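**Q** Residue-level listing of the chains:
Number of protein chains: 2
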Amino acid sequence: MPQFTLHPKLAADSIELGNCQICKVLLINDSNYPWLVLVPRRGDIRELYQLEQADIEQVQRESLEVSKLLMQHFKGDKLNVAALGNLVPQLHIHHIVRFENDAAWPKPIWGVVNAVAYKKNELDKMSESLRTLLSSTALQFKPC
Amino acid sequence: MPQFTLHPKLAADSIELGNCQICKVLLINDSNYPWLVLVPRRGDIRELYQLEQADIEQVQRESLEVSKLLMQHFKGDKLNVAALGNLVPQLHIHHIVRFENDAAWPKPIWGVVNAVAYKKNELDKMSESLRTLLSSTALQFKPC
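Chains A and B are the protein sequences, given in the same order.
Read in numbering that gives the first Met the number 0, the first sequence has 55 at position 56, and its numbers run on one by one without any break.
Read in numbering that gives the first Met the number 0, the second sequence has 109 at position 110, and its numbers run on one by one without any break.
Wrong hints could be hidden among the right ones.
Okay, derived cross-link-like pairs now, SDA-like style, lysine to any residue, Cα gap no bigger than 20 Å in a straight line [what the hints assert, rightly or not]:
| id | chain 1 | residue 1 | chain 2 | residue 2 |
| --- | --- | --- | --- | --- |
| 1 | A | K8 | B | P105 |
| 2 | A | K124 | A | G17 |
| 3 | B | K67 | A | E46 |
| 4 | A | K74 | A | E121 |
| 5 | B | K67 | A | Q59 |
| 6 | B | K141 | B | L26 |
| 7 | B | K118 | B | L26 |
| 8 | A | K67 | B | D54 |
| 9 | A | K119 | A | R130 |
| 10 | A | K118 | A | S30 |
| 11 | B | K67 | A | D54 |
| 12 | B | K8 | B | L26 |
| 13 | A | K23 | A | T4 |
| 14 | B | K67 | A | D43 |
| 15 | B | K106 | A | A102 |
| 16 | A | K106 | B | V111 |
| 17 | A | K124 | A | N31 |
| 18 | B | K74 | A | N85 |
| 19 | A | K74 | B | Q49 |
| 20 | B | K106 | A | D29 |
| 21 | A | K106 | B | N113 |
| 22 | B | K141 | B | L5 |
| 23 | B | K106 | A | E46 |
| 24 | A | K67 | B | Q57 |
| 25 | B | K8 | B | A114 |
| 26 | A | K106 | B | A102 |
| 27 | B | K74 | A | D43 |
| 28 | A | K74 | B | V87 |
| 29 | A | K124 | A | F73 |
| 30 | B | K67 | B | Q20 |
The set of hints was computed from the structure by calculation and includes no laboratory data.
None of these values were measured; they are calculated from a predicted model.
Please model the entire structure based on the sequences and the hints provided.
**A** Spelled out as structure tokens, the structure:
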């Protein structure tokens with residue numbers, strides 16, 4: 000299997016929080032929404048079904064755990080979970096906490112409003128609190 | 000657990016193809032893209048993690064099988080899989096085959112172009128071929 004390298008567009012848009020057993024966890028640098036992206040650390044994978052069965056199940060477990068965690072912590076009105084990848088074909092799964100008063104509600108977030116980068120101190124605080132949160136679960140999360 | 004009733008907005012936008020073990024399978028009446036929606040037949044569920052564990056795993060199996068099937072059959076360039084639900088909170092999972100020359104490419108489809116309903120004979124043909132396809136798998140699909 001080819002080596003895994005994070006797609007440069009994902010790297011540019013996010014802060015790496017750390018790794019679960021299979022997925023790298025990214026915080027998207029857009030303060031409009033609490034927004035994590037899971038990227039399975041396997042080379043050349045575009046669709047979930049292309050992974051081996053054990054890897055698929057691990058991705059599904061990590062996605063589910065992150066979903067619960069985000070909604071419990073941020074108390075969102077709805078979670079949006081999506082694997083799209085038209086522009087960045089490397090498999091990556093968005094987990095976006097939505098609120099009825101957020102910038103794009105009730106639309107899906109893509110293409111509605113421009114990203115608003117976190118201020119430096121907000122970003123540090125958000126990253127740290129998410130790393131602590133992810134470390135508190137059964138995800139075997141290793142912060143970076 | 001409360002009884003399952005398909006949300007009227009989903010019913011209005013689609014044609015029911017039938018049922019897998021847990022999910023109802025809908026064909027969205029938009030000829031811009033081959034687009035199936037899976038709706039777990041459980042009452043009052045908004046997020047995947049709210050289902051019981053066995054149901055979660057069954058939904059994940061059905062989503063994966065439908066993903067493979069759609070991409071093999073339509074030979075798309077990318078599959079978009081998404082559970083959003085901001086307007087229709089009933090848990091439903093979009094499976095949309097994308098092509099580099101489709102109406103919304105490379106954007107996510109929501110809010111880009113209006114739906115183009117299938118003509119009657121196209122719709123019959125598409126529904127029948129999808130029912131046959133779904134019946135040919137290990138999904139235990141029952142057409143309606």
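**Q** To test your reading of the hints: which numbers does this structure violate?
**A** none
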